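Student: For the protein sequence lines, the chains are H and W, in the order given. In terms of the working numbering, the first sequence opens at residue 1 and continues consecutively. In terms of the working numbering, the second sequence opens at residue 1 and continues consecutively.
Hints were generated in silico from the structure; no laboratory data involved. Computed from a prediction, not measured in an experiment: that's the story for all the values here. Don't take every hint at face value.
[What the hints assert, rightly or not] Derived DSSO-like pairs (lysine-lysine); straight-line CA-CA distance at most 30 Å:
1) H:Lys82 - W:Lys359
2) W:Lys348 - H:Lys136
3) W:Lys109 - H:Lys82
4) H:Lys136 - W:Lys91
5) H:Lys82 - W:Lys91
6) W:Lys383 - H:Lys136
[To be verified] Across the chosen pairs, the derived CB separations fall in these ranges:
7) W:Glu337 - H:Ala211: 40 to 48 Å
8) W:Tyr339 - H:Gly247: 38 to 46 Å
9) W:Arg386 - H:Gly261: 49 to 57 Å
10) H:Arg122 - W:Tyr339: 50 to 58 Å
All residues carry an ideal CB built from backbone N, CA and C; glycine is no exception.
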Amino acid sequence: MSRNDWEVVIGLEVHAQLTTASKIFSGASTAFGAEPNRQACAVDLALPGVLPVLNRGAVERAIRFGLAIGATVAPRSVFARKNYFYPDLPKGYQISQFELPVVQGGTITIRVGEGEKSYEKRVNLTRAHLEEDAGKSLHEDFHGMSGIDLNRAGTPLLEIVSEPDMRSSAEAVAYARALHALVRWIEICDGNMQEGSFRCDANVSVRRPGAPLGTRREIKNLNSFRFLQQAIDYEVQWQIDTLEDGGTIRQATVLFDPDTGETRVMRTKEDAHDYRYFPDPDLLPLEIPAEWLERVAGEMPELPAAMRQRFIDEFALSDYDAATLTASREMAAYFQSTVDAAGMALAKPCANWVMGDLAARLNKAGLEIADAPVGPQQLARLVTRIADNTLSNNIGKKVFEALWNGDGGPSADAVDTIIETQGLKQVTDSGAIESIIDEVIAANQKSVEEFRSGKEKAFNAIVGQVMKASRGKANPAQVNEILRRKLGG
Amino acid sequence: MIHASLTELRAALDTQRISSVELATLFLDRIERHDPALNAFITVDRERALAEAANADARIATGESGPLTGIPLAHKDVFCTEGVLTTCGSKMLSNFVSPYDAHVVSRLKAAGAVTLGKTNMDEFAMGSSNENSHYGPVRNPWDPARVPGGSSGGSAAAVAARLVPMATGTDTGGSVRQPAALCGVTGIKPTYGVVSRYGMIAYASSLDQGGAFGATAADCGMLLNAMSGFDPRDSTSLDRPAEDVLREARREAGTTGPLAGLRIGLPREFFAEGMADDVRAATEAALTHYRSLGAQTVEVTLPNARLAIPAYYVIAMAEASSNLSRFDGVRYGHRAEHYADLDDLYRKSRAEGFGAEVKRRILVGTYVLSHGYYDAYYLQAQKLRRLIAEDFRSAFDQCDVIAGPTSPTTAWAIGAKTDDPVQMYLSDIYTIAVNLAGLPALSHPCGFGADGLPVGLQLIGNYFSEARLLNVAHRYQQSTDWHLQRPALAGEESGSAR
Numbered sequence: 001m002s003r004n005d006w007e008v009v010i011g012l013e014v015h016a017q018l019t020t021a022s023k024i025f026s027g028a029s030t031a032f033g034a035e036p037n038r039q040a041c042a043v044d045l046a047l048p049g050v051l052p053v054l055n056r057g058a059v060e061r062a063i064r065f066g067l068a069i070g071a072t073v074a075p076r077s078v079f080a081r082k083n084y085f086y087p088d089l090p091k092g093y094q095i096s097q098f099e100l101p102v103v104q105g106g107t108i109t110i111r112v113g114e115g116e117k118s119y120e121k122r123v124n125l126t127r128a129h130l131e132e133d134a135g136k137s138l139h140e141d142f143h144g145m146s147g148i149d150l151n152r153a154g155t156p157l158l159e160i161v162s163e164p165d166m167r168s169s170a171e172a173v174a175y176a177r178a179l180h181a182l183v184r185w186i187e188i189c190d191g192n193m194q195e196g197s198f199r200c201d202a203n204v205s206v207r208r209p210g211a212p213l214g215t216r217r218e219i220k221n222l223n224s225f226r227f228l229q230q231a232i233d234y235e236v237q238w239q240i241d242t243l244e245d246g247g248t249i250r251q252a253t254v255l256f257d258p259d260t261g262e263t264r265v266m267r268t269k270e271d272a273h274d275y276r277y278f279p280d281p282d283l284l285p286l287e288i289p290a291e292w293l294e295r296v297a298g299e300m301p302e303l304p305a306a307m308r309q310r311f312i313d314e315f316a317l318s319d320y321d322a323a324t325l326t327a328s329r330e331m332a333a334y335f336q337s338t339v340d341a342a343g344m345a346l347a348k349p350c351a352n353w354v355m356g357d358l359a360a361r362l363n364k365a366g367l368e369i370a371d372a373p374v375g376p377q378q379l380a381r382l383v384t385r386i387a388d389n390t391l392s393n394n395i396g397k398k399v400f401e402a403l404w405n406g407d408g409g410p411s412a413d414a415v416d417t418i419i420e421t422q423g424l425k426q427v428t429d430s431g432a433i434e435s436i437i438d439e440v441i442a443a444n445q446k447s448v449e450e451f452r453s454g455k456e457k458a459f460n461a462i463v464g465q466v467m468k469a470s471r472g473k474a475n476p477a478q479v480n481e482i483l484r485r486k487l488g489g
Numbered sequence: 001m002i003h004a005s006l007t008e009l010r011a012a013l014d015t016q017r018i019s020s021v022e023l024a025t026l027f028l029d030r031i032e033r034h035d036p037a038l039n040a041f042i043t044v045d046r047e048r049a050l051a052e053a054a055n056a057d058a059r060i061a062t063g064e065s066g067p068l069t070g071i072p073l074a075h076k077d078v079f080c081t082e083g084v085l086t087t088c089g090s091k092m093l094s095n096f097v098s099p100y101d102a103h104v105v106s107r108l109k110a111a112g113a114v115t116l117g118k119t120n121m122d123e124f125a126m127g128s129s130n131e132n133s134h135y136g137p138v139r140n141p142w143d144p145a146r147v148p149g150g151s152s153g154g155s156a157a158a159v160a161a162r163l164v165p166m167a168t169g170t171d172t173g174g175s176v177r178q179p180a181a182l183c184g185v186t187g188i189k190p191t192y193g194v195v196s197r198y199g200m201i202a203y204a205s206s207l208d209q210g211g212a213f214g215a216t217a218a219d220c221g222m223l224l225n226a227m228s229g230f231d232p233r234d235s236t237s238l239d240r241p242a243e244d245v246l247r248e249a250r251r252e253a254g255t256t257g258p259l260a261g262l263r264i265g266l267p268r269e270f271f272a273e274g275m276a277d278d279v280r281a282a283t284e285a286a287l288t289h290y291r292s293l294g295a296q297t298v299e300v301t302l303p304n305a306r307l308a309i310p311a312y313y314v315i316a317m318a319e320a321s322s323n324l325s326r327f328d329g330v331r332y333g334h335r336a337e338h339y340a341d342l343d344d345l346y347r348k349s350r351a352e353g354f355g356a357e358v359k360r361r362i363l364v365g366t367y368v369l370s371h372g373y374y375d376a377y378y379l380q381a382q383k384l385r386r387l388i389a390e391d392f393r394s395a396f397d398q399c400d401v402i403a404g405p406t407s408p409t410t411a412w413a414i415g416a417k418t419d420d421p422v423q424m425y426l427s428d429i430y431t432i433a434v435n436l437a438g439l440p441a442l443s444h445p446c447g448f449g450a451d452g453l454p455v456g457l458q459l460i461g462n463y464f465s466e467a468r469l470l471n472v473a474h475r476y477q478q479s480t481d482w483h484l485q486r487p488a489l490a491g492e493e494s495g496s497a498r
């Protein structure tokens, strides 16, 4: 038997921290990075007598998520207490949702792989529920004792649970990325994985195709897509090896160690907690009337899937281009503004500029698209000037660099100012081009002879010389045509 | 002054026949003299009380006094009080000085009431006799060998002995009404959600409700008016317009009898077996008196009432087991001196910090919520709870208020039931169903039993009928003098307040 005889089954649980300014059950701030315990109020400290009050902003974000994935937003859901003792859990229970979560069902479409071999897949979601985060235990710097920081205690989380629909680490990562893009798109989570705003747990099992589900092990707290992939790959191989060696898998929770690339057991099912869930009597059931749902629906932005399809339909973009441009809401918005200014007919060159030169330049500078020094209006003007033959594509790149450096000011007119002041207007006068060509032919007889003896490459060399002589401004198409005529090629 | 009603105290303060400082001193001196024998107080803060009284006098002088400005008060030690020890009757919180005020406490401060101290109670409000306090049992002012009832035994005893004219309490299964009955004072528990639970240390969240003790229904009404009101910090607090619960009691009585047309429902189940003869006799006499005031009595039935005790103890203990998890020795409260590791810290701190009854309830609560038992216990109890509420709904189709005994017996001897928790739990048989349904109810004195110990009559109303309940009790008290009888304290004569 080989590895190919096994089917991998993966489900993900993602904890997305919601972007509310205050905590889910108290008025304390959720800002990251404060001094320990400076953002923990009486409720977060679980002083005797304090009570939770639900933050409606957190509910609103859950509703947005439910609407974005086509799920049922429960008209009535219930907060429950999950009871266990731990020093960073001040009440001795976590307020979560158990039997009746706020978001039920839904799907997310993912694209797995790139290019020819890529494929689409729909991943079903089980549920998403609201809960509070715990604090942090700090085990260093306390001389054999532990410190407790409750700043994070009570931070609102949406726990998003998928069905075990994924069949490879690639699918799991594609799903996690799609989910990450979506929660940022609908502005319910900042997606900052280093700060723990988006954390993945992966449930992994293997089975023979057609067999019932195998015993799963849950890999906890993966905070990068790379670790997610590595952890699943290691875990899958470990489970297959174990089974092929005649062993059995015991249900367990495991941790991934990025240093060794291995997973190790944290606890087994036998020492799992009995959380003794029951409805929290301090909170009323969460009622979401139809009017609330409708108001949130009315405020929803166009979703990536819809926008992607529209780019294909309206702008005749390829599936790949449309997918790339809708990878983030900021990029999509930038592209949309560019097309709005340049006109729909120029959508394809706009797309090329956004995905090509702009993306590369941003990447080099380490900037986000929202902070790009070249605005969509400017880029649209640049694309227009190339389309109307004022600029060659190559000179366009020069203009782009000048815009990036702030030449000509922030308005779209900066493009024309740069062309004017730097004398970059393309030469389209055939007479002028002919005379340049004549000079170049006279000076490069060797290349001319090579071309005439059949070396096509020599032709390009001569074109290059012509362009150089025109300081790049000669219209390349005209240069080609006239040169061919003159050389009799 | 010691026996004056709140209305009389108000008049005396407003006409400056007495100052708030003088009044506070009077009661503080009484506490100093009599409390060592009663143990009704855990904390008495004379200095703070006199400062509050001086503030009240300043308010009165400028004519800005409200109904309770300058009147002395005691809080059950379940309410958090800023800068003051708040123990909940437990060793666990024997070092806990609250950094904030409970909603009830801040409302009464704003009203200008003067807090003399914090009253003794069963640990975490778990108990029916006040014998479960880390600070020792409270003694019944009518007979120091007897219990005062619980869990608000300190507040009831303090009002009965006139160590303070009014006191707050909490009622989860009868903890205001039962000690009121056993100590011969009036006590009311309003509809669940009327008094904010913010800062009231939780025992069983879905049942806990703040309440008021006073000598009379009118006094209770004045205190309840000041305690009630919507609080956005308690999600179960009811957002209703403010109401004066004494509005009906203030109305002129009609000519056909003060309670003409009132239908008093008598639950068949409450008058069956189980009630002591002397309690039965006092209860019957009170009903006779009610009829003489124009009321008619009708038999009603609460068929599921007998299931209230098991349902209550499952729900209350389940909630308590979770509510008390925060007392882990990590952030505040008692922490064991020596421990090997984290689990040991938890184990020892909780083993040392909690008393036997609290541990019993945490154990039972943990059990009934455990995997495999939840459906059989917790869900069944919730079903019973709905049935019991349904019983009351049907009964109130036939009557305006329900009446019966508050407690099956008068106060028992200290120690008599401490070895038999089930017997202790059964003493709450008439009060518990009310909490499960979330209804308002009060207890008022209606006579004395065989040993000269007070008997209380319980009146249960429909949701938000506090004004009616207080009116009914007020009319009764206008034409009887049971509520005016006073226990003999050391060096004092017993007898009537008037």
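Student: Taking the hints in turn, state whether each one holds.
Tutor: Results of checking the hints against the structure:
At roughly 20 Å between alpha-carbon atoms, H:Lys82 and W:Lys359 fall within 30 Å of each other, so this suggested pair holds. For the proposed pair W:Lys348 and H:Lys136, the alpha carbon gap of about 23 Å is at most 30 Å, so the pair holds. Restraint check: the Cα-Cα separation between W:Lys109 and H:Lys82 comes to about 36 Å, which exceeds 30 Å; the hinted pair is violated. Between H:Lys136 and W:Lys91 the CA atoms are separated by roughly 28 Å; this keeps the pair inside 30 Å, and the hint holds.
Our distance criterion of 30 Å between C-alpha atoms is met by H:Lys82 and W:Lys91, whose separation comes to about 27 Å. Between W:Lys383 and H:Lys136 the alpha-carbon distance is near 39 Å, which puts this suggested pair outside the 30 Å criterion. For the pair W:Glu337 and H:Ala211, the supplied restraint of 40 to 48 Å is violated, since their beta-carbon distance comes to about 57 Å. A C-beta distance of roughly 39 Å is found between W:Tyr339 and H:Gly247, which places it inside the suggested range of 38 to 46 Å.
Under the hint 49 to 57 Å, the C-beta atoms of W:Arg386 and H:Gly261, about 55 Å apart, fit the expected range. H:Arg122 and W:Tyr339 have their C-beta atoms about 53 Å apart, which keeps the hinted 50 to 58 Å range intact.
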